[in-house]
Amino acid sequence: MDFSSINPVTLIAMLMVAATPILLAAIGELVVEKAGVLNLGVEGMMITGAVSGFAVAVNTGSPLFGMLAAILAGAAVSFIFAVLTQILMANQVASGLALTLFGLGFSALMGQSYTGIVPPRTPKLDFGPLSDLPVVGRIIFGHDILVYVSILLVAAVWYWLNYTRSGRILRAVGENHDSAHALGYQVKKVRILAIMFGGACAGLGGAYLSLVRVPQWTEGMTAGAGWIALALVVFASWKPWRALLGAYLFGGITVLQLNLQAAGVRIPAEYLAMSPYIITILVLVVMSSNRGRRSLSAPGSLGRSFHAAG
Amino acid sequence: MKRRELLATSAAALGLAATLGSTARAQSPLRVGFIYLGPPGDFGWTYAHDQARLTAQEHFGDTVETFFVENVPEGPDSERIMTQMALSGADMIFATSFGYGPSVNAVAQRFPDVAFEHATGYLQEAPNVSLYNSRFYQGRAVIGHIAGRMTETNKVGYIASFPIPEVIRGINAAYIHAKKANPDVEFSIVWVYSWFDPAQEAAAAEALIEQGCDIMMQHTDSTAPLTVAQDAGVLGFGQASDMTQFAPDAHLTAIIDNWAPYYMHRIQEKLDGTWEAGNVWQGLPEGEVEFAPFSDKIPADVQEETNALIESMRNREYHPFTGPLNRQDGTPWLAEGETADDGTLLGMNFYVEGISGEIPS
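Listed in order, the protein sequences are those of chains A and B.
Start counting at 1 in the first sequence, then tack on 180, and there's your number in my numbering.
Start counting at 1 in the second sequence, then tack on 333, and there's your number in my numbering.
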């Protein structure tokens, strides 16, 4: 097999771009799940962000406003989920699925007049001569702003969850909501804020697809990215840096299989195309075979509704 | 029409059909349903079908009522939706994708009075199933020629969807004519296993450009590869409709699918009661394959040659698959001057000599 025609530097640069939307959505969902809420509506929030960001970017001519709009739209849609599950005590799984279906339909409706329009382009950040450096120039200094934002976000979430008081309160709420409540923490407030943070991240991930990656609006353009983000959170066993690793692995395999084909390497593309999912299943099996839930480090109250009893 | 409406009307139609029989239908406009694989806004395959539907609707006015269901996956879902269409009183159904084949035939057997038109298919198991197709390979030959003349790196990137005869035929036609124009040309083919996945198509285009391809061809429906080409400063061709607005610098021309003449012809026959199942394969001569205006980037002499090539196919002087041609493994396929028969073309499952790589199975 001849891999020499594939340049690892460009491969890494490309996979970082391919992984950014799922990374953004996954890091948001990670915080939501750390707070003990399972929101299966990531796909719906992403696509809502994609269409809102696109519409605002087209109307204002500014991709930055588009991204802000996507953040707000994602948070707004997730607020519906927050009201349903935290205040009206609806089932989280069913509400999340409903949110995905709603998002897909709603975005198709909103986007009807935006198909076939070219959005304003998002420029790559200008690092001047740094971008011309060999290797690092392409990998580190050759991207648009959201690639850096996504990495910074991972770092911030990691720091926040582990080293700040509010981050620890969020984790306490996710591990055991009854104890957290007994200690006087406002479980519902924490969870609603977490859900909205997750929605904002998913919305931004969606906007990355419609404004930077493709860039175009088409119905159903997230094409399952939200579900991959959900799988990533489990893959990462709820740890921020592992989510980054997982996202780049997913992105890497997608990009690698296309590059192998383009380079004429004779490898059955089907196997590479399904490999990310196989790896996820394998990781899950390996991790969960080892002392069950503890080693998976799933938040203790994940997916359970909280009702402040007496 | 959305699926929910269909459900509601199908219940009503059932009752109507039972009490009034076919007399109720004779007075109402002819109902023509379309099922689409993607959204009409894809600016590719589905967009072209929807444009033809709109043209036909305008042409017939009140005598015909067209409706469509979009984003219908190939498989059991399509069978359900066609059944609903037939139940809700459709007199004619256009199924506009290859993979609907088995479902079209299954539903057609249950509704013998409904005329079924299946695009790019090959299964005809009921007397009311008609097949229609376009000789897109004629268009592919034309863009292949342009690509061969215009590539500077001698590498052409080809984003392919699924390894079915339609796609393989397109690759072969493009390659043969690129090779004729430029003996050093090479094709890099990437299979993305989707008709429509903008992110994946964009990544495939990036990978091809990375490998040194300076001209992109695509047999997928989104505009994403052209946008990537535009950014990378390479060239490309639109798919199914004029995609100039998405990549003004990269877009050389596009093969345009013009289904309107066929749709109007067949709907008229259904109105007249003369509709019969057929199997047609039209192309350049009938105006079913057209081209977007050539970009200024194409030099005048290349434009001239290309127009001559188009003309020779339009007046049926030249067949894009004319021997001598060998299969990829070197075995002879067509002798000097021999042209390919439609049967071989419709079932094409081999590359012609010179293309590297294997067709995924």
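Some hints here could point you the wrong way.
[Said to hold, decoys possible] Derived DEER-like restraints, expressed as beta-carbon distance ranges:
1) B:P362 with A:I458: 36 to 42 angstroms
2) B:S527 with A:N187: 22 to 28 angstroms
3) A:K304 with B:P618: 28 to 34 angstroms
4) A:S242 with B:E458: 52 to 58 angstroms
5) A:K304 with B:T655: 46 to 52 angstroms
6) B:G690 with A:L462: 25 to 31 angstroms
No lab work stands behind these hints, which were simulated from the structure alone.
All C-beta atoms, glycine included, are put in the ideal place defined by N, C-alpha and C.
Structure-inconsistent hints, enumerated in ascending order: Those not satisfied are hints 1 and 3.
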